[in-house]
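All chains should be built: construct the whole structure from the sequences, respecting the hints.
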Amino acid sequence: MTQRTRKAVALISGGLDSMLAAKVIMEQGIHVEGINFFTGFCVEGHTHAIRKRDQAKPKRNNALWVAEQLGIKLHIVDIIEEYKDVVINPKHCYGANLNPCLDCKIFMVGKARQWMLENGFDFIITGEVIGQRPKSQRRETMPVVARESGADDLLLRPLCARNLPATLPEREGWVERDKLYGFSGRTRKPQMELASQLGLEDYAQPAGGCCFLTDENYSRKLADLWRARGEKNYELDDIMLLKVGRHIRPRPHFKLIVAREEGEGRFLQGYKNRYPHLHPISHAGPLTLIDGTPTPDELELAARIVARYSQGRDADTVEVRSVDGNEEQRLSVTPLKPHEILPEWQL
Amino acid sequence: MSRIVVDARGLLCPLPVIRLQDTARGLPGESELELIGTDPGIMQDVPAWCRINGHTIVDSWHEGNQYHILLKLQQ
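These protein sequence lines are chains P and V, in that order.
If you use my numbering, the first sequence corresponds to residues 1 to 347, in order.
If you use my numbering, the second sequence corresponds to residues 1001 to 1075, in order.
Hint data in this document are derived by calculation from the structure and do not stem from the laboratory.
It cannot be assumed that every hint is accurate.
To be verified - If you want a taste of the chain P side facing chain V, the calculated C-beta under 7 Å gives, among others: (1) Phe38; (2) Leu64; (3) Glu68; (4) Ile76; (5) Asp78; (6) Gly270; (7) Arg274.
Said to hold, decoys possible - Ranges of calculated distance between the beta carbons of each label pair, as one might list FRET restraints: (8) P:Val323 <-> V:Gly1010: 14 to 20 Å; (9) V:Gly1010 <-> P:Arg313: 29 to 35 Å; (10) V:Pro1028 <-> P:Gln329: 53 to 59 Å; (11) P:Gly120 <-> V:Glu1032: 27 to 33 Å; (12) P:Thr334 <-> V:Pro1047: 50 to 56 Å; (13) V:Met1043 <-> P:Arg139: 41 to 47 Å; (14) P:Leu168 <-> V:Met1043: 41 to 47 Å; (15) P:Gly199 <-> V:Gly1054: 21 to 27 Å.
What the hints assert, rightly or not - Covered by chain P, according to a simulated footprint, are these stretches of chain V (three or more residues, beta-carbon under 8 Å): (16) 1005-1014; (17) 1058-1069.
The model shown is predicted, which means the values in this text are computed figures rather than measured ones.
Where is the CB? At the ideal position from N, CA and C, for every residue including glycine.
Here it is in structure tokens:
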């Protein structure tokens, strides 16, 4: 009797490790399909492409690109709503910033397990390597991820499997353990050598991670948002806007999001109907959203800040249009001097 | 067969691809879908998504800041 082809679902981030893990298992004759989760915090090429200066860079979704290179299907799953609890209440605490990396990995493997069961797949693959990441990829955390996700020994890490107890796919002979790897540590050299052996010449460079929550500046802005609102919560628009513009909070109850160049201005245009906003009209200048409710005096202060970032920064007065729903007014203001924009206002 | 429009205006990638993928799930082969978006990234991502799933791009064009992609699902 012939054995049926086993099927594995691979977590595909778009980086090299998950690409290699999938390829290594495909080489053993396993049918592999990819799964990729969109949390809202993902560092996408397109997010960078909002900014004009980055538009020369190729705009591709790395997870889709990896799937295409591997010749596998990719299922992209929107987990924005469910993921909030991971970010807001991480059981295993945050990393250096607001990155709940261990909770995130547990959550994603758990979602992959659910998908595996619903779609008749046999096991799960990740590109994890022991010691690769200080928070989530340590020898002690490997069993925690397997246990708390519910995946247990159906979770196979092909790049470091030989440093770990054999999983069910290995014990049952679905995959040959001898053809798996025993990588460990932060070095990328073994992965790059393996990529070369497997004929993978082009892959996303591992720099800066794949999540904005690992970024110090981004985390500071998210912490400020929670502080200003008096609760740890967010909507998708909030976390998208944290990726864009200059954020200035001159008073605790409102902040300004100032476009830094044309690409960001175009992006912020899409939010004009949902946020009060300011725009210089006597001089070229940035579209600026207002998050919060300034008093009339504070609105004038906001306009003076916006004027500071306009072409009229050295003029005596700058005309600024203020729009809040159906209400529109013109403010004639003196731009703030550079030293009047206090460092603590700038997030 | 009528054309199904997927409105992804204002969404950044990969959300337009997710909306398209979720709409396509369960539709019969050869269904026609038209994605409308404002993120120029869809012009790269949707063709990639079609290639890995065997769907066919019938046409693509843009009007002002809106991008349109017409595709036919695999039979």
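- [ ] Report the numbers of all earlier hints that the structure fails to satisfy, in ascending order.
- [x] Hints 7, 17 are the ones this structure does not satisfy, whereas the remaining hints hold.
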